[in-house]
Structures are given as C-alpha cells and as structure tokens.
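Protein chains in written order, with our numbering: chain A, 1 to 398; chain B, 399 to 587.
Warning: the hint list may mix true and false statements.
Said to hold, decoys possible - In silico contact screen, one side only, chain A against chain B (beta carbon under 7 Å); selected entries:
| no. | residue |
| --- | --- |
| 1 | Glu60 |
| 2 | Val219 |
| 3 | Tyr332 |
As the list claims (entries may be wrong) - No farther apart than 27 Å at their CA atoms in a straight line, the calculated lysine-lysine pairs in the BS3-like style are these:
| no. | chain 1 | residue 1 | chain 2 | residue 2 |
| --- | --- | --- | --- | --- |
| 4 | B | Lys444 | A | Lys62 |
| 5 | A | Lys43 | B | Lys547 |
| 6 | A | Lys328 | B | Lys543 |
| 7 | B | Lys562 | B | Lys543 |
| 8 | A | Lys328 | B | Lys562 |
| 9 | B | Lys533 | B | Lys496 |
It should be emphasised that the hints constitute simulated quantities derived from the structure, not laboratory data.
Treat the numbers as computed from the prediction; the structure is a model and nothing was measured.
We put the CB at the ideal spot given by N, CA and C, even for glycine.
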Amino acid sequence: MMNASKIKGTSNRVMTLNMGPQHPATHGVLRLELELDGETIVKATPIIGYLHTGVEKHSEAKTWYQNIVQYDRLDYLAPAMNNMSYVGAVERLLGIEAPPRAQAIRVILLELTRIKSHLVWLATQAMDLGAISVFLYCFRERETIIKIYEALSGARMMQSWICPGGLRGDIPDGWDEQVRSFLVEFPDRLREYRALLERNPIFRARTRRVGYISNEESVAYALTGPTARASGVRYDLRDNRPYEGYENYDFEIPVRTDGDVYARYRVRIEEMIQSRLIALQALDKLPGGSVKADHPLYVAPPREDIHENMEALIRHFKFYTSGFKVPKGEVYFATESGKGELGFYIISDGGEKPYRVKVRAPSFTNLSILPRIAPGHLISDLVAIIGSLDIVLGEIDR
Amino acid sequence: MDDVEKKNILDFIRNLIGSNLINSAQDCEGVDVAIIDRNSLVDVAKSFRDNPDLRMRHLSFVTAIDRIDMEKLLYAVYEFSSLDDDRRIRIKVPVVAKDPWVPSITSIFPSANWHEREMMECFGIEVRGHPDPRKLLLPDWVTEKPLRKSFPSGGDELWAFHEKTIEMFNEKGDYAGSIDDDWLERFNE
C-alpha cells in the first residue's frame, strides 16, 4: 500500500511517501504524494487521472440520447443525479419540459439517490475510522434502495430512467408502497448509525477539529454541497436555482459553521432526514397523467403504439437509430447532487450530436482543496479528511 | 433576481473595461454571456470577487471550446455565479489558434487551479502565470490535445494513436512517466 520512496538530500527529516492509488482509504484510485515530517504531513499533492476515460470527448461522437447512459458511470454511486443534470440541460436546449408526474417521480428518484450516496459515504467514512459494523448496516439499507431501482427499471445501479421529456416509463404497481415502507423505517435505521458513531469517543476524537475549512476558504475554492454547507456556505441549488418543482416542497437546508469533519458528518446525516421528507411529500402528492412529454421528435413514441401504428413505428426507428437534432445554442444546467454542484455545460451546433460537453463535477473541485487543508495533520487524520470530502474518482477523472 | 439586475452585471463590465467588452449575448436560458478581451480578464475576475455590489464569488468551472474550423478561434469559458441568489454570468475569452494563451486567475479564484490545468492539457491553451502548470488528468508523455476537434474521437485515426502509444511503450520497455530513471538508480543503491 504505502511504500517509502526517498529521503530528500536537503533535509533528513522530510520524507516523501506514496499513498494510493490502491489504498483502501483513498476511495478509488486517488494517489497522493505526501511529504512527511515524522507522521505529520508537510505537503500533500493529489495525483489524479487514473480513471480518465475521455467522457467529454466520447460525448461528441454519440447522439444526444445515447449519451445518457455514459453519464451514469461518472458518479457511479448516484447515477440518477448525473442523468438529471444532463437531461435537464438537454431539455432546456430543446425547450421542452417534463410533465408534473414525471417531475415528481424524478424528485423521488433523486432523493433516494441522495440517501444512497450518503449511505456509501457514511459506510466508508466510518470504516476508514475503524467502525466496520456501520459499513455493514449502511450497505443493508443501500441494498433496499437498489431493490427499489431494480423494481422500477430492472437495473440495480445504472438505471438511466430519466430521459429528455420525462421518464422512460411509468412506475410499476406497488412501487410507491415499496418506497414508502423504506422511508418509514429509515429513521430507525439512521438512529442506529448515530448511536454507533456519535456516542463513540474514538469517532468523536478523530473527527472533531480535524480538517477545518473556513467559510472564506470554502468560497475561494468553490466548494459546494455538504462540504461547503458544513463551513457555513448556504448554497444549495435546490433552493438557489430550483428545478423539477423543488420550490414546491417544504424542506430545510442543514448548515453548520464548525467546518470540521464532524460538521460534514452532521450535515450529511441531517440531509438524509430532509431527503426522506422530500421524497415522502412527493409520494403523497404524486400527480396523475403521463410521464412523457408529447413531442413528435424529441420523445420516443409509447411502446404500445408501435404494434398498431405505422407512423409510430417509423418514429421509433428514427428515434433510436439517428436520434434527434437539437437547436443551436448553449446552456449550463446544474443540479444539487449528493456531493455538490453537478453541472453540464453543453453546446449544440444544431446537429444530432453535441458539439461540446463539459462536466462540472463536484468532487473534482472539492478535492482541489486537499493540498490546502492537509498540511499539519497526521496521516490517520488525512484518511478522515478524504472520507469527509466524499469524493468519487469516476467523476473526478471523467 | 429580475432582469434589471442581470443587465447591471453587463453594464458593470462595460463601465469597467470599455471597448474590451467585445460582444454580449444570451444563452437559451437567458443567462448573459460576455465576450471580453483576454487582457481584461484579470480585472473582471478581481471585481467579481471584491465588489460588494456584485458578489459573484463562485467560479463554477473553467473550460474551453474549439471553434478553429469556423472562426480560427478557441474560447476560454468562465462561469461565475452568486452564492446568495440565482444571478449568473458566463465570460468567454476568444484566443487566436496561432497564439493561444490566457492569463491565469488562480491567484484570484484558487478554484480555477485544476480547471486551468485541465484546459491547458486538453486544449493546448497556455495559461500564463499559473502557479503549477503540470499535466493533471493525462500522463506526462501525451503531447496531443485530446479535446480539440483535430483529435479523432473514433475510427481508424484513433487506432493509429493507440498503436503509436503502444509502440512507444514497447520501445521504452516500461510504462514511462510513472517512475523516473534517476529515482530508480538512487533506490537501487
């Protein structure tokens, strides 16, 4: 895992140590070059790019509809968030809007995904600090959410259920009850995790006053999401620039000002409670009607029609082979993912494929503060700090 | 915020830099896009951070667009927004393809650091005054600029690039770039 590399000629005290890319506490393939004085970090340099797959370049070679599936793989812990950001941007370019029922189901999917994403963060953060039982409990609840995805789409993780103009299909019978039963029992589960961690003196000692980020630093480094809100920056795109009808839901935005690892832990825990409330509200007032906008070009015809209607068959064939053309223009649309501001900056030249897609990944920007906050900490604290930034390398390296 | 305030940001830029505001437009959501000369970029960024009336303190991202085929230009793009409300503005800086450079704004917005490094390696736009102009996502040996339109996105041309890369590895005998030779020597001593 860690191998001592060299002792610098100038000072015998500073040692360079390589951490990762296969270190379990670096959450994927993050590599850190650490300069150490004893066990204290003098300098930390993240080296990224081990998962670079050229997603932005690939986007220019795929049609608008084909692109949806590859963005699932960016933040693979919260695929629906990536779908939503991309599809929202494309919808704004096309000038279409999803019907109310589709918007409400999207909100349920997004909030379930936020809980799922935070559960993985909680599991790994606790495991990095030695509390392995929390990991097992969190993955138990995550499995329930994955089963909910599976009941909806057949896919456990990368469901790609959100598409321009609405959803790929309506929810199956009994799905809303499945979601509701999970949401009803979730607070009890959350209480279990909190009892395991918050009363644990080791967890408290290792997270309090560790990895402090001030309000000014958070703004300067453009941190977003729970990481920023734990430093007192009240920036949540569900509230600042609402989308999918988030302005109609009643929820709070947890903000703390301590700025340490423990504050980030508390913000995420409180966010899970709020996500649950939003999802319940959306379930309660789920509107009726269609889940697809009615547009002859941008939305695929209903599956039933193509057996009876020649026109629908032609449309279906055209839609899935050559796709559709998107009017000339550019747009930047960002949503609040579990990790922060996840945005897509898309330029269309009026063709069947995007001219340029830029993914604004929250983890990418959030990780860039690490060289600033790591010095002065011990290596074991660095593990807690990386965990608290909640990074996923799929979207950092893209 | 309403339209009046949105207009104010453009007016503010116009007052600040005068004719260096080359053009302005709106994107399909109605967000203002200001096209400015690269010599004014640092001034604009500074006023976004410091001016108490503007308070556009959040730099979402920095990226670039390749428009060499149409205009012989590359554009560097900077998206700013307010942390308090929903105001946004996009700054575009055109650079000629023969002499592609922009000034660095990392000293003003530290968040631009990695974004500018990515822009440098993927588009070949030099960012002058950057504190750490190393490659970020790509390995050190890559000289191509993958996000330019001249770099293939598929087909035989991309295969040619892959084959060239494999050949280079075979000649070197190891995966170059990960370990430098004098380090190995010192380690073996």
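* Asked: Which numbered hints does this structure break?
  -> 4, 5, 8
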